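Enquirer: Going down the list, the sequences are from chains A and B. Terminal number for the first sequence in the numbering used here: 500, no gaps in between. Terminal number for the second sequence in the numbering used here: 321, no gaps in between.
If you are wondering where the hints come from, they were derived from the structure by calculation, not from laboratory data. Treat the hints with caution; some may be incorrect.
Unchecked claim - Here are the simulated lysine to any residue pairs, SDA-like style, with alpha carbons at most 20 angstroms apart:
| hint | chain 1 | residue 1 | chain 2 | residue 2 |
| --- | --- | --- | --- | --- |
| 1 | B | K123 | A | T316 |
| 2 | B | K152 | A | T316 |
| 3 | B | K123 | A | V227 |
| 4 | B | K123 | A | K283 |
| 5 | A | K283 | A | L420 |
Given the structure is predicted, the values throughout are model-derived calculations rather than measurements.
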Amino acid sequence: MEMKRDVPDTSHTVLMGGERPVPAGMLSFILSVTGHTTTLILRRQRLIFAFIICLMPVVIPLVISASSDLQFGEDGMKMFMQLTKRVHIEVLAPLLALFLATMLVGEDVETQTIHYMLTRPIPRTAWVVGRFIGYMLIAAIILSLSLVLTFFACVTLPNFAIGMETLTELARFEFIGFLALLAYGATTMMLGTISKRPIIYGIVFLYGWQRAASLVPGMVDFLTIVKYTTALIPAEATATQAVKTQEALLAFQKQVYLIGAGKAVVMLLLITAGLLGITIAAVRIREYSGSRAIG
Amino acid sequence: MTADSNVIIEAHELSKWFGEVVAVNNLHVQIKRGVTGLLGPNGAGKSTFIKLCLGLLRPSRGHIHVLGSSPRHNPAVLREMGYCPELDHFFDNMTGYEFVYALNRYWGMTKQDAEKFTEKACELVSMTDRMDDPIEEYSKGMRQRIKIAQALATNPDLLFLDEPMSGLDPQGREEMYTLIRRLGDAGYGVVVSSHILYEVERVTDNVVLLYNGTVLAHGRVKEIRDLIDEHPHTIKINTPEPRALAKAFVGDTAVMQLDFLPGGLVVRTKDPNACYQILNDVMLERRHPIHGVQCSDDNLQSVFEYLVG
Numbered sequence: 206m207e208m209k210r211d212v213p214d215t216s217h218t219v220l221m222g223g224e225r226p227v228p229a230g231m232l233s234f235i236l237s238v239t240g241h242t243t244t245l246i247l248r249r250q251r252l253i254f255a256f257i258i259c260l261m262p263v264v265i266p267l268v269i270s271a272s273s274d275l276q277f278g279e280d281g282m283k284m285f286m287q288l289t290k291r292v293h294i295e296v297l298a299p300l301l302a303l304f305l306a307t308m309l310v311g312e313d314v315e316t317q318t319i320h321y322m323l324t325r326p327i328p329r330t331a332w333v334v335g336r337f338i339g340y341m342l343i344a345a346i347i348l349s350l351s352l353v354l355t356f357f358a359c360v361t362l363p364n365f366a367i368g369m370e371t372l373t374e375l376a377r378f379e380f381i382g383f384l385a386l387l388a389y390g391a392t393t394m395m396l397g398t399i400s401k402r403p404i405i406y407g408i409v410f411l412y413g414w415q416r417a418a419s420l421v422p423g424m425v426d427f428l429t430i431v432k433y434t435t436a437l438i439p440a441e442a443t444a445t446q447a448v449k450t451q452e453a454l455l456a457f458q459k460q461v462y463l464i465g466a467g468k469a470v471v472m473l474l475l476i477t478a479g480l481l482g483i484t485i486a487a488v489r490i491r492e493y494s495g496s497r498a499i500g
Numbered sequence: 013m014t015a016d017s018n019v020i021i022e023a024h025e026l027s028k029w030f031g032e033v034v035a036v037n038n039l040h041v042q043i044k045r046g047v048t049g050l051l052g053p054n055g056a057g058k059s060t061f062i063k064l065c066l067g068l069l070r071p072s073r074g075h076i077h078v079l080g081s082s083p084r085h086n087p088a089v090l091r092e093m094g095y096c097p098e099l100d101h102f103f104d105n106m107t108g109y110e111f112v113y114a115l116n117r118y119w120g121m122t123k124q125d126a127e128k129f130t131e132k133a134c135e136l137v138s139m140t141d142r143m144d145d146p147i148e149e150y151s152k153g154m155r156q157r158i159k160i161a162q163a164l165a166t167n168p169d170l171l172f173l174d175e176p177m178s179g180l181d182p183q184g185r186e187e188m189y190t191l192i193r194r195l196g197d198a199g200y201g202v203v204v205s206s207h208i209l210y211e212v213e214r215v216t217d218n219v220v221l222l223y224n225g226t227v228l229a230h231g232r233v234k235e236i237r238d239l240i241d242e243h244p245h246t247i248k249i250n251t252p253e254p255r256a257l258a259k260a261f262v263g264d265t266a267v268m269q270l271d272f273l274p275g276g277l278v279v280r281t282k283d284p285n286a287c288y289q290i291l292n293d294v295m296l297e298r299r300h301p302i303h304g305v306q307c308s309d310d311n312l313q314s315v316f317e318y319l320v321g
């Protein structure tokens, strides 16, 4: 039952200069949150730590090139693809998501700054989406920079020439990295919103469950993100690991169900959208009283 | 529901419980425009009631209308409200200006409006000189003012100030009293929560008395004051010279009893205003060092017990 209300008395606005601000639309809300989120992330010390870790793969080809290129004759292109698959896509993308996306919502709940935002007329969807875009901007720049530097570091190795073909490979890996950041970011952000120990659950899922599921027979690995990112990677980059996995399992035979690149892209986008939807629903439904959410 | 346009908050059979803890219990209240004090001891349900008004919490039972509508997920109502929380929580590594500006953008203001209203709000709370300094460097009083600035910056119809005097020094309190009275005089609806009657009394004579999540009394402060006058008010003063300071109180008719503590003096009085005036004089003349003043709400507690029966 709604009460009837007269036109609000705005005579008090004279204290603030007699004017009232005009609220903007949904896009403006999202852009505001994105801007604020990038500012917050850029001012955090953990960003420097994440950045340093992401630059580490660049050193590997340089060290190999300087110390043993003639002896071992490492193939530059192969090295780039394997480094990108094993380090950038499978380790750094989840790590960046853990570092930057886990507390996108959770931190505001913990520090109770969420009260400032939720008492403003901002749609909660805009708040969650804006936060996520802010994370994506920073994480994508860091991962992309690391990939480009690794690419150029691999030029120092034999059999690697910068040309249209290799640049296309670089673009392909940049795209896969971007999709991985989307899916991993949505996962960790959701964990940070609905659970009290998101880092632990994040580590268990990203580095425990994904590894375990890839070894278990059957189609369990379809419940991982790495299944779809791997499907986008060229066979040259995945061949070595397949052998090692089999060796580790003492010739244990696992039937590998393949998935096409197109379906993998769609799946990664669906995972991102689905998990963001859960996060938005959780933020809408939950009540925020103290430093913990209720409901 | 009433159609009285002066009623800005209306709660009917409002209850909120968290598990087995009942924070607000079958509360009925109508709050009209102007400054209203929400008075009650810690745990009375003041902050929960404010959060229900702000739509941060969903009523477990009953309903609440703010400015004519249910506040939860209601942008039209949220646009008309400002909130200053009790505790100091800020975004990391920000200046006061950046803090207010960011929240103005969250409100949906354009960049130009956000800048303009941030500057105006900082000016209104006398923070213009310090607004570009990091919040980490602010005193408690400045933090409190910048929190009020963010609540005011959207030029709302209704302000919720949760324990705004908490932790402030005497000068900071005076400034806060002045600001709140000014807001009330300007026509803002202001709800101020506190557990100290004296604080509420300084800003309004309209008070809602909460205890155990229910409204014990709603009306003029004088009526509550009359009850309180039957119970002495206790003021604890931290000073290294308690005996010397006591001389300033001896002989004043307002003082009922003086007790000495290690490093302090306890004054029991039925007229706290007179005692605070003595304290102000002592401080202004710098006669004796005073490190802190605490006013106990023991007397208020005894009034609550009396009202509960």
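Enquirer: Decide, hint by hint, whether the structure agrees.
Expert: Right, here's what the structure says about each hint:
At most 20 angstroms may separate the alpha-carbon atoms for a hinted pair to count; K123(B) and T316(A) exceed this at roughly 26 angstroms. Between K152(B) and T316(A) the CA atoms are separated by roughly 18 angstroms; this keeps the pair inside 20 angstroms, and the hint holds. For the given pair, K123(B) sits about 11 angstroms from V227(A) by alpha-carbon distance, which is consistent with the 20 angstroms threshold. Annotation: proposed proximity of K123(B) to K283(A) is violated, straight-line Cα distance about 49 angstroms (limit 20 angstroms).
Pair hint K283(A) plus L420(A) does not hold up; C-alpha atoms about 24 angstroms apart against a cutoff of 20 angstroms.
When held up to the earlier numbered hints, the structure conflicts with 1, 4, 5 and fits the remainder.
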